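J.: So you can see what is in the structure, the chains are spelled out below.
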Amino acid sequence: MTAKITHWLDDRLGLSAIRELAAHKTVPVHSATRWYYFGGITLFLFGIQVVTGTLLLFYYRPTVAEGFDSVRFIMTRVEFGWLIRSIHSWSANLLIFAAFVHMFSVVFTHAYRRPRELTWASGIILLGLMLGFGFSGYLLPWNQISYFATKVGADVAGSTPVIGPAIARILRGGNDVGAPTLTRFFALHVMVLPMITAALVALHVILVQKNGMSTPPWIPLSRVRQMKFFPNFFLREVMVWYGALAVLGALAAIFPWELGEKADPFASAPKGIRPEWYFLAQFYTLKLIPSHVGFIEGELLGLAGFGVVAVAWALLPVWGVNRAGEARTRLVTGAGIFLAVYLVVFTILGYVK
Amino acid sequence: MRALLLLLVPALLFSQPARDTCVECHTAMDGAIQRPALLIKDDVHIANGLSCADCHGGDRGSDDMSVAMGKAKGFVGKPSRAEIPQFCAKCHSNPDYMRRYRPQQRVDQFELYKTSVHGKRLAAGDQNVATCVDCHSVHDIRAVKDGKSPVNALHIPDTCGRCHADAKRMAQYGIPTNQLEQYRTSVHWNALSKGGDLSAPNCVSCHGNHGAKPPQAESVSAVCGSCHVLFQQLYEKSPHQAIFSAASGGGGCTVCHSNHGIHQPSTAMLVGPNAVCAQCHDKSTEGANAAEKMAGWIDTLGASLKHSEDVLSDAERYGMEVSEAQGRLADGRENLIKARLAMHSFQPEEMHKPILAGMAIADETLRAGQAALKEKDFRRLGLAISALFIAITLAAIWLLIRRIEANGSGYLDTPAPK
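In the order they appear, the protein sequences are chains U and S.
In this text, residue positions in the first sequence follow this note's numbering: the first is 2, and each later residue adds one.
In this text, residue positions in the second sequence follow this note's numbering: the first is 69, and each later residue adds one.
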C-alpha cells in the first residue's frame, strides 16, 4: 500500500529526483565543519519565527488603541500565549545573532569565492531583511520603549542624504510615529518582508545545494573527507536545532519577554532610550561623531560611512579575491576581524554608556 | 519722510543710555551711603527701567547735588519706617501705574497691610514691626519668582523666622518663637524643601502675606480647608466641629494635627500611647472604641495592600506580566486614601464603604500575584520536563548516529568541493 502511494506521488512530484539529490549531498569534514551549523540554526530560528508569528497573528491587533492591550492579552490570558510571544522575541534576537555568526564564518572561511558570489549577496540581503524584521517588529507591541526607539530610528533614517526625508515619511506614514506607522510596520513585518525573505531563502538554499559547501582555502582538498548529508550530517543538525529549542524554552520560561508600559506620545521619552542591541554599534558611532565635521553634518557623514561600508561588504566577492579567483585571505580576514571587533566593542559601549 | 529718517538715523546711532548721577555719586562714597548704589544693580525696579529718583524724587541727570537732591525737583530722601508702606504704595496701590509694568499685579497690598497685625501695630507707633522692606529687602528688591528673593516660596519661612524666631525681639509681644523650628519638622516643609514643591504651604499660605495675622480658632479649618477641601467638608459636619471651635488656644484641625509642626498622620494618632483621641476620650468609652475600630480598619487595609504589592513585585521580578493587577492596586490605594478622608467625619460607618472596596481589591490583586507566582513555578516545571525530553531525544539521536557510523558508513573519500 505504502509503496503504491509512494509510486503515485513519485509519478506526479518527481520524488525520486529529490531522493537522488539527498542521497548524493555531502558535507566536507574538517576543522571548520562546526561553522556550517550556523546556517542551519539561522534557518531553524526563521522557521520558529514563522510558526510563532503566525500564532501571534491570531490575537494581535495592529492598532494604536488595541495593539498594546492585545499583546498583554496574549501574555496573560491566552493559553501559552506568554510562551509563544517570549519565544518569538527571544528567537528574533538569537536569529540575528546566528545570522551575524554565519556571515562572519563565511568571511573567515572565505566561502564567498567563485562560484558562491550570489550565495553571499543573497545572504547579505537576508541579513538586512532580518534587521528590517527586527526594526518593524519592535514597534508592534506599541509600548513606551519601542515607540520612542522607533522615533529615534525613523529620525536617523530621515537624515540620509537626499532621500532621507522621503524614507522617513514613507516609514512613518506622516511626520511623526503614530497610527499609520503601526499599520505599515505591521504590513511590512507580516507580509512584505516575509514574501521577499521566503524567495531569497529559497534562492540561498538552492545555491548552497547547487554549489555544495565550501572548504576553507588553507585545508588541502585531498585530505578532506566527505560526510553524507542524509542521515549523518542531518541528524547532527537536528541535535543542534534541539539544543537551540532548549535554549529558547529556557529563556522564555526564566526570562519572559517584558511588555513595559503602553506608549504615550505625550509623555517625555524614557531616560537612556536606545535601539535594540543589533543597531547599538551604529547608534553609538553616530553619537560620537560631532554635530558638524567641516561643512558636513555629522549624522549625514556617519550614515554615508555606513552606506559605503555596507556596499563594500556586499561586494566582498569582488575585492576579496585576486585575478586568479583565489581569496585574499589576509586582507579579508583583517577586514573581518576589524568589523567584528568594531561591532562588539561599539555594541558594548553603546549599552554601557 | 526721507529727511526725517536722515535725522533719526544719526540720533539713534549716537544715542547713549541716560546718566544716573545718584548711582554715580553714591558709588564713589563710602559706608552705608554707598550701599544702595551697589545693591541696586539686582533690583527689579531698575531692570524695568526705573531709577532711584522714581522712588526718592530728585533729578538723576544733574551733576549738581543741590539740584539733583533739591526740593524743587521733588526730592523726598529716605522715608522713616512708619512712612515706608505708604512710600511703596504710591506706585503699588496705583492700578494705572502698575498696569504699565505688571498688568496682572495686585494693587491691594497696602490695604491688606493696614489690616495686618504688622500694619496695625505700625499705625499705633510700634516701629519694631515688619514693613515692606523687612520682607522684600531694600534697593536689591527681586521679583517674588526670583529664587534669590527673600519672599520666594523657598525662603519665606526663613524670612518670617528672622523676626519670629528671635526670642529677644518677640519678648515684648509675648508670642512663641518656636514656629520655624516646628515648621521645619513638618510635612509641609518636607514637601517644600526636599520635594521642591513650591505650592507646598509656607507661613504666608495660612497667615496671609501682606495681611498677615494668626487665624482665629473658627477659621483654622477654613485655612487648612483651602487646600484640604474634602477634609474640611467632612470635619464641618462632624460632632467635633462645635467642640473644637470652642477650644482655647486654637481649634479645628490643629487640635489633633498641631499647627506649625504638622507630621505625617498615622493610626498612632487614633490608638496607642501617643493617641490624640485619648486626650479627650477615656479608654473603653464609645469615642475610644470608635477610634480603635477605625485605626484597625485602616491598618488592616494598609497591610493587605502592602502584602499584595509585595507579592506582585515578586511576580514582576520573575518576569511575570502583572501590570493589570498593579494598575488595580492603585485603585486599592485610592480607597485607603478615601477611608482616611472619611475618618474626618468621625463616624466609623462612613469609612466602611471604602474599606470594604479596598479590601476587595487587595484580595483580588493578591490572588492575581499568587496566581502569577504559581504560573512561574508551572513554567519552570514545564521547562525542566521539556529539557529532560530534549536531553533524552538528543541522547537517542547521538546513539543512532553512532550506530549508523559504527562501520564508517556515511563517509566518503571523494574530494570535497572548493
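Because the hints were derived from the structure by calculation, they are not lab data.
Where hints are given, some of them may not hold.
[Stated by the list, open to error] Short, incomplete list of chain U residues facing chain S, as computed with Cβ under 8 Å:
1. Ala23
2. Lys26
3. Thr27
4. Asn94
5. Val239
6. Pro257
7. Lys354
All of these numbers come straight from a predicted model, not from anything done at the bench.
Idealized CB from N, CA, C, for every residue including glycine.
J.: Each hint needs a verdict: does it hold in this structure or not?
T.: We went through each hint and held it up to the structure:
| no. | hint | verdict |
| --- | --- | --- |
| 1 | Ala23 | violated, 13 Å |
| 2 | Lys26 | violated, 11 Å |
| 3 | Thr27 | holds, 6 Å |
| 4 | Asn94 | violated, 15 Å |
| 5 | Val239 | holds, 6 Å |
| 6 | Pro257 | holds, 4 Å |
| 7 | Lys354 | violated, 26 Å |
Hint check: violations occur at hints 1, 2, 4 and 7; the rest are consistent with the structure.
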